[in-house]
Amino acid sequence: IVMTQSPLSLPVTPGEPASISCRSSQSLLKSDGYNYLDWYIQKPGQSPQLLIFLGSNRASGVPDRFSVSGSGTDFTLKISRVEAEDVGVYYCMHALQDPRTFGQGTKVEIK
Amino acid sequence: QVQLQESGPGLVKPSETLSLTCTVSGGSISGYYWSWIRQPPGKGLEWIGYVHFSGSTKYHPSLEGRVTISAHMSTNQFSLKLSSVTAADTAVYYCTRHYNWGTYPLDSWGQGALVTVSS
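The listed protein sequences correspond, in order, to chains A and B. Just so we're aligned, residue 1 is where the first sequence starts under my numbering, counting upward by one. Just so we're aligned, residue 112 is where the second sequence starts under my numbering, counting upward by one.
Heads up, a few of these hints could be off.
With a straight-line cut-off of 20 Å between C-alpha atoms, the simulated DMTMM-like cross-links for lysine to aspartate or glutamate are [unchecked claim]:
no.: 1; chain 1: B; residue 1: Lys154; chain 2: A; residue 2: Glu109
no.: 2; chain 1: A; residue 1: Lys30; chain 2: A; residue 2: Glu83
no.: 3; chain 1: A; residue 1: Lys107; chain 2: A; residue 2: Asp32
no.: 4; chain 1: A; residue 1: Lys30; chain 2: A; residue 2: Asp64
no.: 5; chain 1: B; residue 1: Lys154; chain 2: B; residue 2: Asp200
no.: 6; chain 1: A; residue 1: Lys78; chain 2: A; residue 2: Asp98
no.: 7; chain 1: A; residue 1: Lys43; chain 2: B; residue 2: Glu127
no.: 8; chain 1: A; residue 1: Lys43; chain 2: B; residue 2: Asp218
no.: 9; chain 1: A; residue 1: Lys107; chain 2: B; residue 2: Glu157
no.: 10; chain 1: A; residue 1: Lys111; chain 2: A; residue 2: Asp74
no.: 11; chain 1: B; residue 1: Lys169; chain 2: A; residue 2: Asp98
To be clear about the criterion: a stretch of chain A counts as covered by chain B if any three or more of its residues have a C-beta under 8 Å from a C-beta of chain B, and this derived list gives those stretches [what the hints assert, rightly or not]:
no.: 12; region: 35-41
no.: 13; region: 51-59
no.: 14; region: 93-101
I should point out that these hints are in silico values taken from the structure, not numbers from a laboratory. From a predicted model like this one, the values you see are computed outputs, not experimental measurements. Positions of the beta carbon are idealized from the N, C-alpha and C atoms, including for glycine.
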């Protein structure tokens with residue numbers, strides 16, 4: 001399964017919204033009604049960390065300004081109001097089957 | 112809170128075997144799946160494979176035949192061996208834990224270990 005993210009670079013203004021697109025080469029929607037898609041953020045100089053799993057479930061401690069919309073093959077990660085701590089590279093990763101594959105990553109930086 | 116720490120040689124010669132160990136603290140490897148992920152310098156993330164605490168494994172097809180991931184209950188560790196390495200295997204290697212629900216996402220990551228393949 002090929003995961004394609006866009007844009008690859010996203011300059012953002014603090015307080016403004018931001019969106020990242022993730023598309024998969026096949027549907028990630030299973031018969032249980034869930035989309036088997038996770039999102040990770042790799043902040044500068046750090047290991048990646050889980051952001052959202054099973055389509056739209058925020059990981060522990062993730063603020064509610066992060067949300068995901070979409071289903072099947074097209075998804076959008078939305079940040080309602082960007083904060084300085086949100087800078088980093090965002091990756092989507094499918095969990096539909098093995099091998100799991102990641103998108104190329106979207107680098108979010110402050111303008 | 113579980114913590115993961117990679118350890119092993121930072122420099123490996125071409126054609127030799129890369130060996131890394133992940134030590135798990137603050138929790139047991141029992142009951143979970145554990146994966147290795149790698150990130151070539153300046154590039155994205157690649158899933159290498161996973162091991163279940165019971166010993167079952169699954170590997171990325173592109174690495175099948177060269178990779179072995181093992182779980183070591185007695186020491187609360189799991190390990191990665193990658194044979195016949197080339198410069199293309201130079202990367203930061205992360206050990207990770209799968210959360211036990213839903214998509215089994217990677218909810219805990221080690222700090223990463225840079226392994227350089229060079230003579």
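Against the structure, the hints:
no.	hint	verdict
1	B:Lys154 to A:Glu109	holds, 17 Å
2	A:Lys30 to A:Glu83	violated, 34 Å
3	A:Lys107 to A:Asp32	violated, 32 Å
4	A:Lys30 to A:Asp64	violated, 25 Å
5	B:Lys154 to B:Asp200	holds, 12 Å
6	A:Lys78 to A:Asp98	violated, 27 Å
7	A:Lys43 to B:Glu127	violated, 33 Å
8	A:Lys43 to B:Asp218	holds, 15 Å
9	A:Lys107 to B:Glu157	holds, 17 Å
10	A:Lys111 to A:Asp74	violated, 27 Å
11	B:Lys169 to A:Asp98	holds, 8 Å
12	35-41	holds (count 4)
13	51-59	holds (count 4)
14	93-101	holds (count 6)
Violated hints, in rising order: 2, 3, 4, 6, 7 and 10; the structure is consistent with all others.
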